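Number of protein chains: 2
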Amino acid sequence: MNRTVRLAKRPTGMPGPDTWTIAEEPMPVPGEGELLVEVKAISLDPAMRGWLNEGKSYIPPVGLGEVMRANGAGVVLESRAPGFAPGDTVMGGFGVQRYAVVASRHAEPIDLGVAPFERWLGVLGMPGMTAWFGLFDVGLLRDGETVVVSAAAGAVGGLVVQLARARGCPVVGIAGGEAKCRMVVERFGADACIDYKAGDVRARLAEALPQGIDVYFDNVGGGILEAAMTHLRRRARVVICGAISGYNDVASIRGPRNYLNLLIQRARMEGFVVFDYAPRFAEARAGIAAMLADGRVVAVEDVREGIDRFPETLTELYTGGNMGKLVLRP
Amino acid sequence: MNRTVRLAKRPTGMPGPDTWTIAEEPMPVPGEGELLVEVKAISLDPAMRGWLNEGKSYIPPVGLGEVMRANGAGVVLESRAPGFAPGDTVMGGFGVQRYAVVASRHAEPIDLGVAPFERWLGVLGMPGMTAWFGLFDVGLLRDGETVVVSAAAGAVGGLVVQLARARGCPVVGIAGGEAKCRMVVERFGADACIDYKAGDVRARLAEALPQGIDVYFDNVGGGILEAAMTHLRRRARVVICGAISGYNDVASIRGPRNYLNLLIQRARMEGFVVFDYAPRFAEARAGIAAMLADGRVVAVEDVREGIDRFPETLTELYTGGNMGKLVLRP
Numbered sequence: 006m007n008r009t010v011r012l013a014k015r016p017t018g019m020p021g022p023d024t025w026t027i028a029e030e031p032m033p034v035p036g037e038g039e040l041l042v043e044v045k046a047i048s049l050d051p052a053m054r055g056w057l058n059e060g061k062s063y064i065p066p067v068g069l070g071e072v073m074r075a076n077g078a079g080v081v082l083e084s085r086a087p088g089f090a091p092g093d094t095v096m097g098g099f100g101v102q103r104y105a106v107v108a109s110r111h112a113e114p115i116d117l118g119v120a121p122f123e124r125w126l127g128v129l130g131m132p133g134m135t136a137w138f139g140l141f142d143v144g145l146l147r148d149g150e151t152v153v154v155s156a157a158a159g160a161v162g163g164l165v166v167q168l169a170r171a172r173g174c175p176v177v178g179i180a181g182g183e184a185k186c187r188m189v190v191e192r193f194g195a196d197a198c199i200d201y202k203a204g205d206v207r208a209r210l211a212e213a214l215p216q217g218i219d220v221y222f223d224n225v226g227g228g229i230l231e232a233a234m235t236h237l238r239r240r241a242r243v244v245i246c247g248a249i250s251g252y253n254d255v256a257s258i259r260g261p262r263n264y265l266n267l268l269i270q271r272a273r274m275e276g277f278v279v280f281d282y283a284p285r286f287a288e289a290r291a292g293i294a295a296m297l298a299d300g301r302v303v304a305v306e307d308v309r310e311g312i313d314r315f316p317e318t319l320t321e322l323y324t325g326g327n328m329g330k331l332v333l334r335p
Numbered sequence: 006m007n008r009t010v011r012l013a014k015r016p017t018g019m020p021g022p023d024t025w026t027i028a029e030e031p032m033p034v035p036g037e038g039e040l041l042v043e044v045k046a047i048s049l050d051p052a053m054r055g056w057l058n059e060g061k062s063y064i065p066p067v068g069l070g071e072v073m074r075a076n077g078a079g080v081v082l083e084s085r086a087p088g089f090a091p092g093d094t095v096m097g098g099f100g101v102q103r104y105a106v107v108a109s110r111h112a113e114p115i116d117l118g119v120a121p122f123e124r125w126l127g128v129l130g131m132p133g134m135t136a137w138f139g140l141f142d143v144g145l146l147r148d149g150e151t152v153v154v155s156a157a158a159g160a161v162g163g164l165v166v167q168l169a170r171a172r173g174c175p176v177v178g179i180a181g182g183e184a185k186c187r188m189v190v191e192r193f194g195a196d197a198c199i200d201y202k203a204g205d206v207r208a209r210l211a212e213a214l215p216q217g218i219d220v221y222f223d224n225v226g227g228g229i230l231e232a233a234m235t236h237l238r239r240r241a242r243v244v245i246c247g248a249i250s251g252y253n254d255v256a257s258i259r260g261p262r263n264y265l266n267l268l269i270q271r272a273r274m275e276g277f278v279v280f281d282y283a284p285r286f287a288e289a290r291a292g293i294a295a296m297l298a299d300g301r302v303v304a305v306e307d308v309r310e311g312i313d314r315f316p317e318t319l320t321e322l323y324t325g326g327n328m329g330k331l332v333l334r335p
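Chains as they are written, first to last, in our numbering: chain B, 6 to 335; chain X, 6 to 335.
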């Protein structure tokens, strides 16, 4: 039998138990050109909350009654497509379920000799691609520039810290709580990490980076975005990757009141969606894999067990319960 | 005798009569390397309000007791600098006064055969440079793209409309009142102009440009910026030139609540300061002068008389009282 998590009801605010239907279902059967995959790891991403809302965004919402959209990694059990055989390891948009049928063109081979399942959803997966293209292509990071990144203990932010450090740039992270901040400094190599729960981010940023910020990589929005924008340097780039602080309370989202600092500092705020860089994922993945191999990048995953725990595990993303890339083994 | 307008008191909110001291003073005397200029036209610019506030911005504030900063155009009465002679016509930062002494390196010759004094403060002056570099260098306007500009009846906005039209791009202006909107369409050539006083800018933009906006040139901020940001196309550029709606009520300034459209649309918001383009002003001025000569650009100036009317004339910029470039003949 398969076990699936389907969207039962669009949540207002934080998704709750009634958002989902978890059920046993018959094993899905692959058609021509399709694969049956046993899902070994499911990626839990902040963006998931947005996919639950009705309306136009960068991607259509998950439909009511559909299996929750998720990236995953797993093993091919049955192949009806050329180029794939049982036992192959793959990743793709497998959804929150134990077994998935996908068109083979939506499955990408992964090499467990390079990294285990979880890592293909983290630094070698979408979060990795997001950090890489956000920092280098949108943020246009140059040697010697200063970087600040919010949600620095998270999947994307943690890699942004490390990529900037590997480039030799001063980096300050922002994260919630002492334990996360310690990880950001000690494991990811940030020069400093500001605990936003412990005080005035604006003042702490000014202390940590008196010279100001060249690239601010924002995952959170709200008051932290505003604080960072107070300290922009001339021609700074503010990379809008996400705004997790507002995902469960859309009415609370506001723009940075000090957006005119963009004018004063001749600075730029730019959004991006990682899918646009798909033709260049191989390049980024090779770069990150090389850094993993020689230790310039470490991967931190927070792995949970049990597909039935998907609902409460997802909410931890928004309450700060995870350290590093959050992955569920179904 | 000279007659000067000096900053007496930093205003909170709209500048009032007590903001200024207007007085007769002895004629200033040029020293070595300086010119005495009779000011024939004084430029009134929205940015002036910002110069009255204490604190760090893109330019230091006007000091208490100082002659109010302003661009101007006039005639050299006395020269103690090589390359200038009495009768030469010049422009520069002459301040709000009848006679100015300036270092000759801060005076730029102007040719009244090309355009009268007023025009050198308008389409051939800072507003012209602002429109040109904002639209082409920050906005990166490309053939066939759609442009929306706020304060489209103003000095900068009116030229943005015309430059975009000259490029063959669809342009929609936003302005306050029927008379201004008529001018923006009939004289500047906009495809449409939305009267923000007459209804829902957001809905009107969607009607006028169902395909969305590629370049939004913002002079006003507030709800109009937000409305325009609802209709961004993929990879749109939002050019932050100013935010006149908030200049007299800084506490009211807020960022666009829908700034995450930058992410959804992979769009960019970027500020600029025209001074940075000074090395290229000659290029822009030549381009605009050619368009003036062949009629692709028309200049609309709103010329007032009498230096003593500076205080109330300045406030008209913020209450929408002017049509086109506001100039005071002292």
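There's no promise every hint is true.
[As the list claims (entries may be wrong)] Simulated coverage check for chain X against chain B, where a stretch passes if three residues somewhere in it have a Cβ under 8 angstroms from a Cβ of chain B:
(1) 236-248
(2) 254-260
(3) 271-281
Simulated from the structure, these hints should not be mistaken for lab results.
No experiment lies behind these values; they were computed from the predicted model shown.
In this text, a Cβ means the ideal position worked out from N, Cα and C, and glycines have one as well.
Structure-based check of all given hints:
1. Counting residues of the region 236-248 of chain X whose beta carbon lies closer than 8 angstroms to any beta carbon of chain B gives 4, which meets the minimum of three for the stated coverage.
2. Restraint check on the region 254-260 of chain X versus chain B: 3 residues with Cβ-Cβ distances below 8 angstroms, three needed, restraint holds.
3. Look at the region 271-281 of chain X against chain B: 9 of its residues bring a Cβ nearer than 8 angstroms to a Cβ of that chain, three or more, so the hint holds.
Against the hints set out earlier in the document, no violation occurs for any number.
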